[in-house]
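Here are the chains, one letter per residue:
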Amino acid sequence: MKVMIENFQTNNVVETENLTKVYGQKTVLDHVNMHVAKGDIYGFIGKNGAGKTTLMKLLLGMAQPTEGQMKLFSNGNLNAERHRVGALIEAPAFYGNCSAVENMKRFAILAGADDNEINDILQFVGLGDVGKKHVSKFSLGMKQRLGIALAMLGKPELLILDEPINGLDPEGIKEIRDLLLRLNREQGVTVLVSSHLLDELAKITTRYGIINQGRLVEEVSATELMQRCQQKLHVITDQPAVAAKVIKKLSPKAVITANENSIDVVGITVDSAKVTKELVKNEVAVQDITFAADNMEDYFIQRMGGKA
Amino acid sequence: MKKLFKFEFRKLLHSKSFYIIFGLGLLSIILFMILGRVMSDFVGDSSEMYNATATMLVVLPNSGIASLLGTYLVLFACSDFSQHTIKNIYARGYSRTSVYFIKYLLSLAATLTVAIFYVLFGFVFTLVLGGHVASIASYMWANLALQFLVLVGMHGMFFGVAMICNKTGVGIIVNVVGIELIFTLLNFLMQIAKIEFNILDYYLEMILANLMNSQQLTTAALVRAIVMPIVYAVGFVTAGWFVNRRREV
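Chains A and B, in that order, give the protein sequences.
Per the numbering used here, the first sequence starts with residue 1, numbered consecutively.
Per the numbering used here, the second sequence starts with residue 1001, numbered consecutively.
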């Protein structure tokens, strides 16, 4: 058990413990315990004002927590580890009256990157040919790409991106999505990303953190979430154990959860008519039988405190 | 720290406002010297204006350096805040204290370099205008050193104000107009209340102006020229650091 805990700690790139931020009377973050493991693409989901940006700002030293602990790469000395982090928080920030290259060169000094890396990154994000055009004249999409390029300087091991696909057209969204996947798969970069575009996030995320009114409601892996959102059979009966046995016989791979007066079945391969017929044949009194499929978006909305 | 220093230095070197503002100072010195030369020729007493060495003492108080410094320091110190690029700096693990003091030290070094350049320019330009090099009394070197000390005080005050205001417009108004206005107002109120205390004696720009008449300096004025810049620099820089210490970006 001890070994498992140690492994868990060393594998976590981001860890928070009871992280709390209060502004005046308003609690923006409420005892958040977040865990982002090495190699994760962690989708951080929540409504506007739920506390996503605040948490990211605390991790990056842009604001101070009211209470709680944070660790980056299992180290509580955050400034010592922040050079391993690239970030884009809220709108991308740069010197508007300079070119993309000059902006990159300035921040490359802080990140310890060289000219080759600058050129590679600019090519990578599709800004290799913008020349000396001032950044203030860039389109929203170009600014967003430059923001990501700045975050990538210094080959960070962790990227913290707050709404990185905001303002991008569908093609740009796909490019950024592919870029994050490539960074994650080819270079092992861990990504903590927030977005309102749940569908887009779902395409790359390996783990989700759902935050609502400052509280981290749930951390769940993408696989686990997929299972939860699969088609589910709900049978209301006074004989859940017998019903479970009958359904298991019909569909051996189904995962059955028996409750007091009902059973939930996930991964069933036969239709409800056949299930009903078989239950009746085995003299199981069925009060109700329904097939339900949770839409992932509905699931998120429910967990985020909305109505699906 | 070295990376942060290089980063700020690159910004300074690429800053157009730096060259424009201190170019204005240079222009002001040129105008002052040409006008001075014309007037002294007119009056017929040109001994001081022809003395390139003595000219060095009057260059800084006549360069308009206070207003220029008050403007430039706000632009330099607040640029990362107004453009939100400070987020990128903090996110890379540079502490608020190191960012603050690197900005302070670099801008101080730039200010002193520009001031030395102004003084040397004054010397050379006097020669260009047909002046000569005369021997300089030792107290004059001390006076020049005091002028630089006052400049350190001014720099600290303007820098501290810039970091406290943290907004370009407000910072420039406070530095260029606000501080002078406060002193003038206080002086006015004291006169009304018949308090025999000349607060303007403690105003750095006045102290710098007084240093031009170095032969008439009283001991009290001399003490003020030594103590006040240190008080201003330490006070304002500390206040700026304190306010900036936990400020969210």
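Hints listed in this document are in silico derivations from the structure and should not be mistaken for laboratory results.
One thing to keep in mind: the hints can contain errors.
To be verified - The calculated DSS-like cross-link candidates involving lysine-lysine, where the alpha carbons are at most 25 Å apart (straight line), are: (1) A:Lys137 to B:Lys1016; (2) A:Lys281 to A:Lys232; (3) A:Lys203 to A:Lys248; (4) A:Lys47 to A:Lys281; (5) A:Lys203 to A:Lys245; (6) A:Lys155 to A:Lys38; (7) A:Lys249 to B:Lys1006; (8) A:Lys105 to A:Lys71; (9) B:Lys1167 to A:Lys132; (10) A:Lys132 to A:Lys38; (11) B:Lys1016 to A:Lys132; (12) B:Lys1002 to A:Lys105; (13) B:Lys1194 to A:Lys155; (14) A:Lys232 to A:Lys277; (15) B:Lys1003 to B:Lys1016; (16) A:Lys133 to B:Lys1016; (17) A:Lys137 to B:Lys1002; (18) A:Lys155 to B:Lys1016; (19) A:Lys155 to B:Lys1167; (20) A:Lys105 to B:Lys1003; (21) B:Lys1194 to A:Lys105.
Stated by the list, open to error - Beta-carbon label-pair distances, calculated as ranges: (22) A:Leu181 to B:Arg1246: 21 to 29 Å; (23) B:Gly1178 to A:Gly128: 15 to 23 Å; (24) A:Gly128 to B:Ala1145: 21 to 29 Å; (25) A:Arg182 to B:Gly1169: 37 to 45 Å.
To be verified - To give an idea of the chain A side of the interface with chain B (calculated C-beta under 7 Å), a few residues: (26) Gly61; (27) Gln64; (28) Arg82; (29) Phe107; (30) Leu110; (31) Val246.
For glycine and all other residues, C-beta sits at the position ideal for the given N, C-alpha and C.
*Can the restraint linking lysine 133 of chain A and lysine 1016 of chain B be considered satisfied, given a maximum Cα separation of 25 Å?*
It holds: about 17 Å lies between the C-alpha atoms, which stays within 25 Å.
Straight-line Cα separation of lysine 249 of chain A and lysine 1006 of chain B no greater than 25 Å? Not satisfied, since the Cα-Cα distance of roughly 72 Å exceeds 25 Å.
ask   = Keeping to a limit of 25 Å between CA atoms, is the pair of lysine 232 of chain A and lysine 277 of chain A held or broken?
value = holds (18 Å)
Q.
Would the hint linking lysine 105 of chain A and lysine 1003 of chain B be met if the CA-CA limit is 25 Å?
A. Given that 25 Å is the threshold and the Cα spacing comes to 12 Å, the pair holds.
Holds or violated: are the alpha carbons of lysine 1194 of chain B and lysine 105 of chain A at most 25 Å from each other? The given pair, whose Cα atoms are some 60 Å apart, is violated under the 25 Å limit.
Could you grab the alpha-carbon distance between lysine 47 of chain A and lysine 281 of chain A and see if it respects the 25 Å cut-off?
-> Cα-Cα ~49 Å, so violated.
Check: Cβ-Cβ distance between leucine 181 of chain A and arginine 1246 of chain B: within 21 to 29 Å?
Finding: violated (38 Å)
Practice task
Below or equal to 25 Å on CA atoms is what counts here, so check lysine 203 of chain A against lysine 248 of chain A.
Solution key: violated (32 Å)
- Pairwise beta carbon distance, glycine 1178 of chain B to glycine 128 of chain A, judged against the given window 15 to 23 Å: The hint (15 to 23 Å, Cβ to Cβ) is violated, given that glycine 1178 of chain B and glycine 128 of chain A are roughly 47 Å apart.
Interface hint for arginine 82 of chain A, Cβ within 7 Å of any Cβ on chain B
Because about 3 Å separates arginine 82 of chain A from the closest Cβ in chain B, which is inside the 7 Å limit, the hint holds.
**Message:** Does the closest beta carbon of chain B sit nearer than 7 Å to the beta carbon of valine 246 of chain A?
**Reply:** violated (58 Å)
Item to check | lysine 155 of chain A paired with lysine 1016 of chain B [C-alpha distance capped at 25 Å] | outcome: Violated - the C-alpha atoms of lysine 1016 of chain B and lysine 155 of chain A are around 31 Å apart, more than 25 Å.
Hint check: violations occur at hints 3, 4, 5, 7, 8, 9, 10, 13, 17, 18, 19, 21, 22, 23, 24, 31; the rest are consistent with the structure.
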